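Dock chain B against chain A, hints included.
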Amino acid sequence: MAERFDAIVVGAGPAGSAAALTLARKGLSTLLVERGRAPGLKNMFGGRVYAWPLPELVPDWKKDCPVERIVTKETMAFLTEDASLGLTFEAPRTADGRGASFTAIRAKFDAWLAKKAEDAGATLVTGIRVDDLWRESGRVRGVVAARGDRVASDLVVIAEGATSTLVRRAGLKADLEPREVSVGVKETIELPPETIQERFGVGEAEGAAQVYAGQASLGLRGGGFLYTNKGSVSLGLVVSSEDLGRKKIPIDEVQTKFRMHPAIQRLLKGGKVVEYSAHLVPELGANMMPRLVADGVLVVGDAAGFLINNGYTFRGVDLAIASGIAAGEAAEAAKAAGGMTAANLAGYEASLRRRHVTTDLERFSRAPLYLKNERLFDVYPRLLIDIAERVYRVDGTGQPRLMDVVLDGAKSGDVPTLRLLLDLLAGARSM
Amino acid sequence: MTAATVPSGDRDRPMRIVVCIKQVPKAEELQVDPKTQTLKRVGVPSEINPPDANALEIALGMKDAHGAEVVVLSMGPTSFDESLERAVAMGADRGILLTDRILGGSDTVPTAYALSETIAKIGGYDLILCGEETTDASTGHVGPGIAGHLDIPQITYVSQVDLVDGKVRAKRTAEDGTEWWEARMPCLVTVNFGCNAPRDPSLTGKIRVKRGGLVVHWSCADVGIDPKKVGLLNSPTIVAHVDTVKLPPRAGKVYRGEPRDAVRQLLEALLADGVVPR
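Just so you know, the protein sequences line up as chains A and B, in that order. Take 53 as the starting number for the first sequence in the numbering used here and just add one per residue. Take 93 as the starting number for the second sequence in the numbering used here and just add one per residue.
Errors might be hidden in some of the hints.
[What the hints assert, rightly or not] The calculated BS3-like cross-link candidates involving lysine-lysine, where the alpha carbons are at most 25 angstroms apart (straight line), are:
(1) A:168 - B:302
(2) A:94 - B:118
(3) A:114 - A:167
Rather than coming from a laboratory, the hints here were simulated on the basis of the structure. Computed from a prediction, not measured in an experiment: that's the story for all the values here.
Here chain B stands alone, though its shape is the one from the complex:
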């Protein structure tokens, strides 16, 4: 396999793809703390934010096809190692966790800043992939924010990425159709949730994780992040109020008998309740 080379660089080398991932509570296990009105993140099973896993799969597919170095990057507490290790076991070459107490409480503005600084520190990147949004906050801010800080082109809501003549060509999902965009590298692409089936970790990948050393921790000082630009105090978002939707009580009525009769009874009941218009 010959590695795709990067035309914009000063030397021939395999392209470097940075995939930004976040660890989120598993969707089916989501719980809101009734007191603080925030998501419970401690003691609940976690996973790689699903759209980020789709982004990772795109990166690994490009690595399979063209050869590439895939670096996964995350920001958060050391418990996020679990997801970075999973990404390496899936086939990423290495993982970096930006972890520092002073980052605690950061919203999307400091997060995009801190991640962009970290990516600049990694250096030599050709393509940055992010999920379209996270399942725990759904803002979709961070990917575009990183592109802004790094001053590189971005293509959002993408379901397919091709390399054509040293450029990225991406299929973008628009509200009323599909668009094809092309961008020079380095650029940033955010990836649609569910656009592919992320692979399982492999035996070789899990062995590499066990051998150790492939996931490293960087602090803000390591990267050179300005402490005055991160953390809760430097985050403009204010969570004023969160409502949890209480499900209305269910009638729990079961209609039995021949399917035809049961369906008729159900329909009558729905019509009577005004749920279905006559």
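With the rest of the complex left out, here is chain A:
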């Protein structure tokens, strides 16, 4: 006799654990299966969690959630080979407020959330890869793991992340294409907490989040990020896999150059690289979404392409958690309605809209296309820094007015003025 559950969640990342926690809390017998030796060990992200969905899932989350630092300082910067031009926004924030965010380390954060799911009654099994859905006469009956081992369930929640094989096996999505994904790399660099506080100008529990465009990605579509943890800094890049392939540049070379940039080196001096990781990042948002609901199947988190990169905020974990909660609620409703059919599970998509998951994805669905504009990553950062160079240069050769410099820069650049204006307009609308 096969083991049996009401629901099996495949993947114990934020989406899967949130789904399992919600399912278990609603009284469904739930199995949470994770491929890694422990939750979080195989998972990767830039470094920041927007906290808004956490209170609903874990009301007393602040008690033991492994927060590294509350983000109080946001910086957006453009880089050329040796210069940087940045804009910093600083405001006191606490973990309480809506809109608050914090940096985290996945091995700790994911383990914490999976433990919450276990505490709610879900059965967590790690170190097991699920190979396929168990289907019989067109119906999903559970999952198939290594050596044909089958476990039965009425519902399978696919929370496998960006490279999910089950969404393809379930026929909900075709194979990934290079244009749909970027490559993310990250180095974790150890630094004493006091050094981090000094260099980034933040308090003991506070942290900085910085995004970089231009030379950070060697002008390829994409950008760099830097997040401060308690005793380390996460430095990485997300770069178009299409561009990497076309230019034949290995991602680690881009990352090394980024790390060696004088503006970055200054921040990391004396630090030790203790970890290197890489992962695919779903990029096309609403344009690459698989079917989210099928008979006996729901798709959550990165597996569903729930990631928003609009150039100034990178969101994944919050959307993952919100989608997990939505999936759990939809399953409860479907069970009450008599079974996990696609029709009974349809509440999932309504719930995603109510939580602004799919609506935000749709709102920024043009951002990826806009970000495909290569001028944004190469020409404009140069132009802006060139303007800054001339504005701040006093060398006795006659100082120009700000307006003259800007108009001059716009005219003399590599881009016709009309093109520039159109890009600006397109950017403002899509971002």
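Structure of chain B alone, referenced to chain A:
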């Protein structure tokens, strides 16, 4: 699948295989405490003693082929649950840990006695499988000791076990070849390290472990073990001295260039040092 039945028993039932396992520090993580000169066992990653895992794989293979109940047995602290649970997740039916403070410091003599008493308590056994030896002590005493206490036949250093006409037929590795031995059941077999590839735990197996209740703890009193026969004081082995081998310093010289030239240079250097005879 029809279960193999046991001819010697008083009733038809699936055969019962008891596999004795020990939890040992992972071989690549071995550390010797410089003060006590004994192996560090706390705070180092552990595993099922590799030859025991090979014995377990033989038992699980027989269960797949003929049907059998596989009981894993270990003696040690409660941290050994980790290995018993892994064995159940691999496919064993249940696990028993003989755990008691008075067993602390037991060498192979009390261990063989205590395990044999526990196996007698389990009862109804047809086949007992042990690893040929443990990677942390390498004595190879315990398996044969158990067979002696239980007064049953034993076949040591075995790489393959078949059931033929209700008897065990085992392929035994001898120093100068291979021997085939046959024994009536119940009997004990010790299994060669590396004779098979132990399977990974399965999803179903891990779920069974999580559901709980499959690994139980027995004390000496539960089994009826004589406290005067176990523990450090009743162990005849005395560890007089342990040496850790210090690796000599390495020259760390790297010969570069064309492989042919580099090899010639290396050979010259080895000849000059007298490492390779001329």
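Item to complete: Starting from residue 114 (chain A), check that the Cα of residue 167 (chain A) is at most 25 angstroms away, please.
Response: 15 angstroms, holds
Worksheet entry | Pair hint residue 168 (chain A) and residue 302 (chain B), alpha-carbon separation not exceeding 25 angstroms | 16 angstroms, holds
Worksheet item: CA of residue 94 (chain A) to CA of residue 118 (chain B), is that 25 angstroms or under?
Response: Satisfied, since the Cα-Cα distance of roughly 23 angstroms is no more than 25 angstroms.
In summary, this structure violates none of the numbered hints.
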